[in-house]
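In order, the protein sequence lines correspond to chains A and B.
The first sequence begins at 0 in numbering that gives the first Met the number 0 and counts up one residue at a time.
The second sequence begins at 0 in numbering that gives the first Met the number 0 and counts up one residue at a time.
Some clues are possibly wrong.
If chains are identical, the list can't say which one is meant, so a pair holds when it fits in one copy or spans any two.
[Claimed, not checked] List of simulated lysine-lysine pairs, PhoX-like, C-alpha gap at most 20 Å:
| hint | residue 1 | residue 2 |
| --- | --- | --- |
| 1 | Lys193 | Lys456 |
| 2 | Lys420 | Lys95 |
| 3 | Lys237 | Lys320 |
| 4 | Lys108 | Lys420 |
| 5 | Lys66 | Lys110 |
| 6 | Lys184 | Lys413 |
| 7 | Lys54 | Lys274 |
| 8 | Lys66 | Lys420 |
| 9 | Lys420 | Lys26 |
Quick caveat, the hints were computed from the structure, so don't treat them as lab data.
This one's a predicted model, so the numbers in the text were calculated from it and none came from an experiment.
Below are the chains, spelled out letter by letter.
Protein chains: 2
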Amino acid sequence: MKHIDIKKILNNNEFIDKEVVVCGWIKSIRNSKNVCFIELNDGTSFKNLQLVVEKDQFPKEEINNLKIGSSVMMKGTIVKSLRDNQSVELKINNFKVLGNCPSDYPIQKKKQNLETLREMPHLRVRTNTFNALFRVRGVLSKAIHDYFQENGYTYVNPPIITSSMCEGAGDLFRLTTLDIDEISKNKYNPDIDKDDFFGRKVSLSVSGQLEAEAMIYGLNRVYTFAPSFRADNSNTKKHLAEFWIIEPEAAFTNIEEIKEDVKGIFKYVITRVLKECPEEIAFFTKYYDHNLTDKLLKSLETDFVDLDYTDAIRILKESMKDFEYPISWGNGLKAEHIKYLTEEIFKKPIFINNSPKEIKPFYIKVNDDEKTVASSDLYFPEIGDIIGASEKESDYDKLLNRIRELGMDENDYKWYLEIRKYGSIPHSGFGLGLERLLMYTTGIENIRDTIPFPRTKVKKFIM
Amino acid sequence: MKHIDIKKILNNNEFIDKEVVVCGWIKSIRNSKNVCFIELNDGTSFKNLQLVVEKDQFPKEEINNLKIGSSVMMKGTIVKSLRDNQSVELKINNFKVLGNCPSDYPIQKKKQNLETLREMPHLRVRTNTFNALFRVRGVLSKAIHDYFQENGYTYVNPPIITSSMCEGAGDLFRLTTLDIDEISKNKYNPDIDKDDFFGRKVSLSVSGQLEAEAMIYGLNRVYTFAPSFRADNSNTKKHLAEFWIIEPEAAFTNIEEIKEDVKGIFKYVITRVLKECPEEIAFFTKYYDHNLTDKLLKSLETDFVDLDYTDAIRILKESMKDFEYPISWGNGLKAEHIKYLTEEIFKKPIFINNSPKEIKPFYIKVNDDEKTVASSDLYFPEIGDIIGASEKESDYDKLLNRIRELGMDENDYKWYLEIRKYGSIPHSGFGLGLERLLMYTTGIENIRDTIPFPRTKVKKFIM
Chain A
0 MKHIDIKKIL
10 NNNEFIDKEV
20 VVCGWIKSIR
30 NSKNVCFIEL
40 NDGTSFKNLQ
50 LVVEKDQFPK
60 EEINNLKIGS
70 SVMMKGTIVK
80 SLRDNQSVEL
90 KINNFKVLGN
100 CPSDYPIQKK
110 KQNLETLREM
120 PHLRVRTNTF
130 NALFRVRGVL
140 SKAIHDYFQE
150 NGYTYVNPPI
160 ITSSMCEGAG
170 DLFRLTTLDI
180 DEISKNKYNP
190 DIDKDDFFGR
200 KVSLSVSGQL
210 EAEAMIYGLN
220 RVYTFAPSFR
230 ADNSNTKKHL
240 AEFWIIEPEA
250 AFTNIEEIKE
260 DVKGIFKYVI
270 TRVLKECPEE
280 IAFFTKYYDH
290 NLTDKLLKSL
300 ETDFVDLDYT
310 DAIRILKESM
320 KDFEYPISWG
330 NGLKAEHIKY
340 LTEEIFKKPI
350 FINNSPKEIK
360 PFYIKVNDDE
370 KTVASSDLYF
380 PEIGDIIGAS
390 EKESDYDKLL
400 NRIRELGMDE
410 NDYKWYLEIR
420 KYGSIPHSGF
430 GLGLERLLMY
440 TTGIENIRDT
450 IPFPRTKVKK
460 FIM
Chain B
0 MKHIDIKKIL
10 NNNEFIDKEV
20 VVCGWIKSIR
30 NSKNVCFIEL
40 NDGTSFKNLQ
50 LVVEKDQFPK
60 EEINNLKIGS
70 SVMMKGTIVK
80 SLRDNQSVEL
90 KINNFKVLGN
100 CPSDYPIQKK
110 KQNLETLREM
120 PHLRVRTNTF
130 NALFRVRGVL
140 SKAIHDYFQE
150 NGYTYVNPPI
160 ITSSMCEGAG
170 DLFRLTTLDI
180 DEISKNKYNP
190 DIDKDDFFGR
200 KVSLSVSGQL
210 EAEAMIYGLN
220 RVYTFAPSFR
230 ADNSNTKKHL
240 AEFWIIEPEA
250 AFTNIEEIKE
260 DVKGIFKYVI
270 TRVLKECPEE
280 IAFFTKYYDH
290 NLTDKLLKSL
300 ETDFVDLDYT
310 DAIRILKESM
320 KDFEYPISWG
330 NGLKAEHIKY
340 LTEEIFKKPI
350 FINNSPKEIK
360 PFYIKVNDDE
370 KTVASSDLYF
380 PEIGDIIGAS
390 EKESDYDKLL
400 NRIRELGMDE
410 NDYKWYLEIR
420 KYGSIPHSGF
430 GLGLERLLMY
440 TTGIENIRDT
450 IPFPRTKVKK
460 FIM
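Bound conformation, chain A alone (with noise of 0.2 Å):
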């Protein structure tokens, strides 16, 4: 007899009086004097499925081999609760154990510390926050393929491995099949990097933007989903050395069209998550965010408030809050700056438009003030940037002028420039980051606990 996902026994009453199989691993084993009662998950659902097993049934030896973290094969009828009307029970008259599990389990039922788990990522998925956050991350991720493929959105696949570099944004990490140990033995050889894999220094990809931008003149509209990489010492809970990111490119778009996509795919995901994942944000509300449930409703309904980077600044300044950093037209707003502005002043998510050019890439359009540019960050309260987007630089002209007023080499931007030789188009898009989407949508403060394997520049390397 094959088992059945408990997620179709639990949503489905045409169960109830039928015998069926399932499987999965005990949760929790409450006993009465007749009768033990056992949740049993199967990582089809967050729920989990009521076994009630009659003592007098089974041999003592038998039931005593039933241990909180055991793998087991149950058979039996599924009953309507007793407790509960709306749900169902199994009854078992059968069952086996698949795996057992000794008393050094380190998964334990009480709620764990995050940090602690964050030392064993192959088993902390077996946790309830785990599961919860990684069922919400899969829910999110495939929200956000569905998304763009509504809108009409092919989804690419630019390099990870490269030689041209987005943004001069953070440190790289190389990519060698040289041996360095024998490198660090041997005499000093000036060309060595010619004898790499690719006969040249390559690394890993920061971005994938611009060679998305090449893709939409074939394809119109591309967004990208894929890992990201930044060397960085940044040892925060908003930081990662490998991430993952969302990067659409549309064709004849400016920064304001875009940006209604950027409004769109935010409320799509969020209604999938609160749809699809009732039980899990319910379980994150209670017992991470008290506020989560109210705040992701709310941001469904409200406006995204529009302000220009300038007035941002007036609004710094005349606020006279003691800033560690201080306001001055030209800089990058800091945390402490944006925690102002979408938590005192606006309590809402905040579009900062129009950016100075020196504090954002070679590749933006320059506005006709010739200061700003076609920029638009989104911030949220408590999270802080989780979009960028921007309308790209068009001219053949005026881009070769920026990347050489900028000291850039031009050479490593020949194929770039080429894009907009031939048939250039206007084009914006914007880029997504993952994990910190995810935090915002799960109320888990530190992105460590928001990727199955983090990596950090951490002394210990776990796994």
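Once you have looked at the hints, place chain B on chain A.
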């Protein structure tokens, strides 16, 4: 007036007699005495929209400005085509050139050599061939996500940066933030790895499977969709240094059960491509493989052949064919053997089941005969292997013994063994190469043409 996607206009009769604006690139121009016919493509559809420009309506120099490759904005009225009742065309009353296209535009109207186009990955998406390829790639990718989501699999992201080795398969790319040039100059430091970013040697993942296995203990069924890397020297039509793989893994599932998903996903994605990309598949059938449409349709009906490795060896021996590589039980099957079996004997896709344990990774479940393992590889005529499925060893002691038997360092696999220590379960999964599937689906013969920016061991690193 906001421009409208050409795809919408082509698929919707409600635009007839309406005034619309479209944007796009000029694909071809045909001049008659009084009329200029233009094929316009905006990337939303593989099909072009025909524009009709009456020459006496516009100054001659403006008409002359319309060149192949230029981007334009066109305003006019949609009318039924006079030549073909099924289609519509746009009668232009106003237009604007957005971006000129100089005469050195390297994309020509006539069919260009794929090898030449490989030198310009940033522009080749503008040709019909690559446009169609990356459209089908997008549809394949989305169909893969949809199949797994509809079948209860959760999307997960195992790490790309890793210190664990999945199979000892091929050479690895090491990641480093060390300055190799500096190291080369300095005196020997035996502990140089400790100075690296993670304080140890790490490399790019060759597979996310081991980590995906950990995830099913909380999520039941998971799949990855991620880039994978091999620093192999293989410079063939079927090898890339960077490619994308999909790796599903399912709890409480044996090899026979997971094979249902192998067949399921294959038929599902081919059906979707035939439905969503009829023009693209017709194009590939016309220009690349006259047999393609037939082959795809037939592969939906055909049953896959199930063949034990041992029987395959027997058939090959009995064939008395003069193979380059000798037929001997225990050796891996080579391309020539697979070709004979799939193209000459069975003329169908073949599952090769129960291969000898010596030629398979350590983590596959050893069969009762102690000689073979619970593996199943799907081979296609012309393409070779696309999917490799296996049931994993779920017994802690057997897995540990296998690791020791193979002389592997069990400390490297402590975490992997621990998954089996606590509540171990039977489970199976497979690996699917996106690019090889795209080759099968389009008849394109060189894998470098199936990914936007191919990475291979060639002297010249393009872009």
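Hint check:
In this assembly of identical chains, the alpha carbons of Lys193 and Lys456 lie at most 20 Å apart only when taken from different copies (12 Å versus 29 Å within one copy). For the homomeric pair Lys420 and Lys95, the shortest alpha-carbon distance between copies (17 Å) is at most 20 Å, but the shortest distance inside one copy (69 Å) is not. Taking the shortest alpha-carbon separations for Lys237 and Lys320, neither the intra-copy value of 25 Å nor the inter-copy value of 62 Å comes in at or below 20 Å. Taking identical chains as interchangeable, the C-alpha atoms of Lys108 and Lys420 lie at most 20 Å apart only when they sit on different chains, with a minimum of 18 Å there against 62 Å within one chain.
In this assembly of identical chains, Lys66 and Lys110 lie within 20 Å of each other by CA distance solely inside one copy; the values are 18 Å within and 67 Å between copies. When the C-alpha separation of Lys184 and Lys413 is checked against a cutoff of 20 Å, the pair qualifies neither within a copy, at 38 Å, nor between copies, at 32 Å. In this homomeric assembly, Lys54 and Lys274 never come within 20 Å of each other (Cα to Cα): the closest approach is 39 Å inside a single copy and 56 Å across copies. Taking the shortest alpha-carbon separations for Lys66 and Lys420, only the inter-copy value of 14 Å comes in at or below 20 Å, while the best intra-copy value is 68 Å.
When the C-alpha separation of Lys420 and Lys26 is checked against a cutoff of 20 Å, the pair qualifies only between copies, where the shortest distance is 16 Å, while the shortest distance within a copy is 62 Å.
This entry does not satisfy hints 3, 6, 7, going by the numbered hints stated previously.
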